[in-house]
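J.: Those protein sequence lines, which keep their order, are chains A and B.
The first sequence begins at 230 in the working numbering and counts up by one.
The second sequence begins at 10 in the working numbering and counts up by one.
Since the hints were derived computationally from the structure, they do not count as laboratory data.
Careful, some of the hints might be misleading.
The following label-pair restraints were derived from C-beta to C-beta distances [stated by the list, open to error]:
#1 B:SER57 x A:ASP318: 43 to 49 Å
#2 B:LEU66 x A:ASP533: 18 to 24 Å
#3 A:ASP533 x B:HIS140: 41 to 47 Å
#4 B:HIS140 x A:GLN510: 47 to 53 Å
#5 B:THR18 x A:ASP395: 29 to 35 Å
#6 A:GLU316 x B:LEU56: 25 to 31 Å
#7 A:HIS503 x B:GLU109: 41 to 47 Å
#8 A:GLN466 x B:GLY67: 54 to 60 Å
#9 B:ASP30 x A:GLU233: 38 to 44 Å
#10 A:LYS312 x B:CYS60: 54 to 60 Å
#11 A:ALA320 x B:SER141: 47 to 53 Å
#12 B:TYR149 x A:LYS509: 35 to 41 Å
Chain B regions said to be covered by chain A (calculated; three or more residues, Cβ under 8 Å) [what the hints assert, rightly or not]:
#13 29 to 39
#14 45 to 53
#15 61 to 69
#16 100 to 108
#17 137 to 148
Once the Cα atoms are required to be at most 20 Å apart in a straight line, the calculated DMTMM-like pairs of lysine to aspartate or glutamate come out as [as the list claims (entries may be wrong)]:
#18 B:LYS106 x A:ASP445
#19 B:LYS148 x A:GLU446
#20 A:LYS237 x B:GLU62
Backbone N, C-alpha and C fix where the C-beta goes; we use that ideal spot for every residue, glycine too.
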Amino acid sequence: MHIEIESKRLKYELDIKGKYSVIQGDSGNGKTNMCRLLQQRLTGDKTIKIQSDIPVLTIAPFDSGEGLQTIRNSIVVLDENYKILREPDVAFILRESDNYFIIIYRKNLDFLPLCVENLYEMQADGRRHWIQPKYTVSGRKNFTRVRHILVEDKVSGFEFFQEHFDVDVISAMSKSEIVRCLKRLVEMDSEYNDVLIVYDAAAFAYQKEALDVWLDESKLRVQILDWYSFEHYVLTQAPFLINLTQEEIGKKWESLEQAAENQLKNRINYHKGHLPDCLKQHSSCNACRQIDTCEYKHHVFRPDICINEEGNRMEVF
Amino acid sequence: MLSIRWGTTEDTIELVESVFDNNYEEEWFDDPLVQEMVLDVDKSRVLSPYCIESPVLGQIPPSGLSGGVKALILALKTDWEIWATACGNNCAKWFLKIGELKDLTISIEHYFRFPETKFDFIDAATGELYHSYTDFMVKYHR
Chain A
230 MHIEIESKRL
240 KYELDIKGKY
250 SVIQGDSGNG
260 KTNMCRLLQQ
270 RLTGDKTIKI
280 QSDIPVLTIA
290 PFDSGEGLQT
300 IRNSIVVLDE
310 NYKILREPDV
320 AFILRESDNY
330 FIIIYRKNLD
340 FLPLCVENLY
350 EMQADGRRHW
360 IQPKYTVSGR
370 KNFTRVRHIL
380 VEDKVSGFEF
390 FQEHFDVDVI
400 SAMSKSEIVR
410 CLKRLVEMDS
420 EYNDVLIVYD
430 AAAFAYQKEA
440 LDVWLDESKL
450 RVQILDWYSF
460 EHYVLTQAPF
470 LINLTQEEIG
480 KKWESLEQAA
490 ENQLKNRINY
500 HKGHLPDCLK
510 QHSSCNACRQ
520 IDTCEYKHHV
530 FRPDICINEE
540 GNRMEVF
Chain B
10 MLSIRWGTTE
20 DTIELVESVF
30 DNNYEEEWFD
40 DPLVQEMVLD
50 VDKSRVLSPY
60 CIESPVLGQI
70 PPSGLSGGVK
80 ALILALKTDW
90 EIWATACGNN
100 CAKWFLKIGE
110 LKDLTISIEH
120 YFRFPETKFD
130 FIDAATGELY
140 HSYTDFMVKY
150 HR
């Protein structure tokens with residue numbers, strides 16, 4: 230979605246996707262001024278021009294969420310000084326709201342499933358302001374010289390790597406534990422190296438910076454598999470061949486991970502708690518209660534991720 | 010000496026903008042260090058305690074300064090514990106500088122990038138002396 234907010238002295242051009250976008254960046258780059266313009270527009274200043282397919286507005290800084298309940302299908306901009314961001318139930322308020330949010334806030338909002346592509350930095354050149362994603366998703370699937378796999382996931386994603394790859398696999402148990410887990414592994418084993426780190430880009434924005442800084446300092450040889458989520462990846466494979474995008478899911482879902490999980494559940498007997506038989510190398514579908522409608526009935530799950538040049542992926546199909 | 014706290018306390022000044030606007034003193038703007046910080050962070054010149062010249066907005070009052078530079082000025086001129094998450098990474102070097110001049114405690118709730126990761130500071134929660142900011146962040150960052 231393209232948005233333009235313009236006054237005589239300031240112009241903002243923003244391109245966003247997905248329910249949540251967070252803007253950070255250096256001080257003095259005009260982030261708070263953008264919110265001030267929207268407040269002034271709200272009070273009736275028609276010299277401030279806004280261009281967007283759906284309304285772009287803000288709420289009162291002292292609003293705890295009541296005002297938000299009256300707003301639908303809009304882009305709501307929230308600044309770090311707003312009371313709503315300090316409410317204990319802010320996660321619920323935002324999740325239940327039928328709006329897109331642009332949040333100007335540096336604090337780590339761990340409750341927010343923020344895609345790494347939706348964390349932006351404000352850039353400015355005189356009057357003109359724009360946002361630039363801080364990180365991108367590489368989508369890389371081929372990896373060489375991998376001795377260990379570290380997965381943020383503790384269930385299905387973790388079991389997937391254990392099942393399909395003949396490499397040491399460890400779960401960090403949660404995304405916020407990846408750096409601490411790596412540090413512990415390196416301290417325990419000075420030879421620990423050549424690690425493939427797997428994280429869900431659909432909700433890893435706040436952890437990415439800490440990981441990058443630590444990796445820079447540690448000099449560990451690391452490769453990154455940054456799929457949006459395990460479920461999103463499975464959907465991209467045969468027989469589904471569905472590549473869900475943030476543009477497609479809009480504000481219906483908080484993240485691509487949630488949307489993909491829902492889609493996968495509708496197609497196979499999938500629950501996040503464990504890797505179902507149909508995603509294993511030796512499936513035994515006969516006992517599956519969803520066998521009649523399952524799309525794997527006539528297909529075999531063959532992941533296209535390749536680890537190690539000698540083909541460590543087990544080809545036993 | 011600089012002390013850093015991960016998180017906030019009841020005493021942390023979180024609403025930096027509002028607290029600055031309602032409490033700044035005119036003579037603060039006579040301090041060359043304040044003028045230098047305003048120029049470096051906001052690219053603006055202090056013309057007087059009542060008037061700042063911004064290259065984009067023209068002449069503005071001190072209340073028009075960025076949240077980051079307001080936090081730095083409060084950190085320099087008061088004994089309050091300031092919420093440094095109001096500040097972009099371009100403010101980090103100034104906290105190190107202020108920490109050389111006085112005892113100062115800042116609260117952070119984000120991955121604040123200092124120009125270098127090896128410097129001495131105190132963990133405000135435990136009183137422990139740290140030499141590596143990365144070690145501190147790995148301990149607390151979630």
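J.: For every hint, state whether the structure bears it out.
T.: Outcome of the hint check:
Taken as a hint, the range 43 to 49 Å holds for the pair SER57 (chain B) and ASP318 (chain A), whose Cβ atoms sit roughly 45 Å apart. The hinted range of 18 to 24 Å is not satisfied by LEU66 (chain B) and ASP533 (chain A), whose Cβ atoms lie roughly 52 Å apart. A hinted range of 41 to 47 Å holds for the C-beta pair ASP533 (chain A) and HIS140 (chain B), which are about 46 Å apart. The hinted window of 47 to 53 Å between HIS140 (chain B) and GLN510 (chain A) holds, with their beta carbons roughly 49 Å apart.
Taking 29 to 35 Å as the suggested C-beta distance range, the pair THR18 (chain B) and ASP395 (chain A) does not conform, at roughly 50 Å. Here the CB-CB span from GLU316 (chain A) to LEU56 (chain B) is close to 40 Å, at odds with the stated 25 to 31 Å. Range check, HIS503 (chain A) to GLU109 (chain B): about 55 Å between beta-carbon atoms, so the 41 to 47 Å window is missed. The beta-carbon spacing between GLN466 (chain A) and GLY67 (chain B), approximately 57 Å, falls within the hinted interval of 54 to 60 Å.
For ASP30 (chain B) and GLU233 (chain A), the hinted distance range of 38 to 44 Å is not satisfied, since their beta carbons lie about 29 Å from each other. In this structure the supplied range 54 to 60 Å is violated for LYS312 (chain A) paired with CYS60 (chain B), their Cβ-Cβ distance being about 31 Å. One distance hint, 47 to 53 Å for the beta-carbon pair ALA320 (chain A) and SER141 (chain B), is violated here, with the actual separation near 32 Å. Remark: the range hint 35 to 41 Å for TYR149 (chain B) to LYS509 (chain A) is upheld by a beta-carbon distance near 39 Å.
Residues of the region 29 to 39 of chain B lying with their CB closer than 8 Å to a CB of chain A number 0, which falls below the three-residue condition for coverage. Interface restraint, the region 45 to 53 of chain B with chain A: holds (4 residues with C-beta to C-beta distance below 8 Å; minimum three). Note: the region 61 to 69 of chain B has 4 residues with beta-carbon separation from chain A under 8 Å; the three-residue rule is met and the coverage holds. Given a C-beta distance limit of less than 8 Å, the hint that chain A covers the region 100 to 108 of chain B is violated, as 1 residues qualify and 3 are needed.
Requiring three or more residues with a Cβ within less than 8 Å of a Cβ of chain A, the coverage given for the region 137 to 148 of chain B holds, as 3 such residues are present. The straight-line distance between the Cα atoms of LYS106 (chain B) and ASP445 (chain A) is roughly 25 Å, outside the 20 Å bound, and the hint therefore fails. For the given pair, LYS148 (chain B) sits about 15 Å from GLU446 (chain A) by alpha-carbon distance, which is consistent with the 20 Å threshold. A threshold of 20 Å between alpha carbons decides the hint, and for LYS237 (chain A) with GLU62 (chain B) the separation of about 17 Å falls inside it, so the pair holds.
Hint violations for this structure: numbers 2, 5, 6, 7, 9, 10, 11, 13, 16, 18, all remaining hints satisfied.
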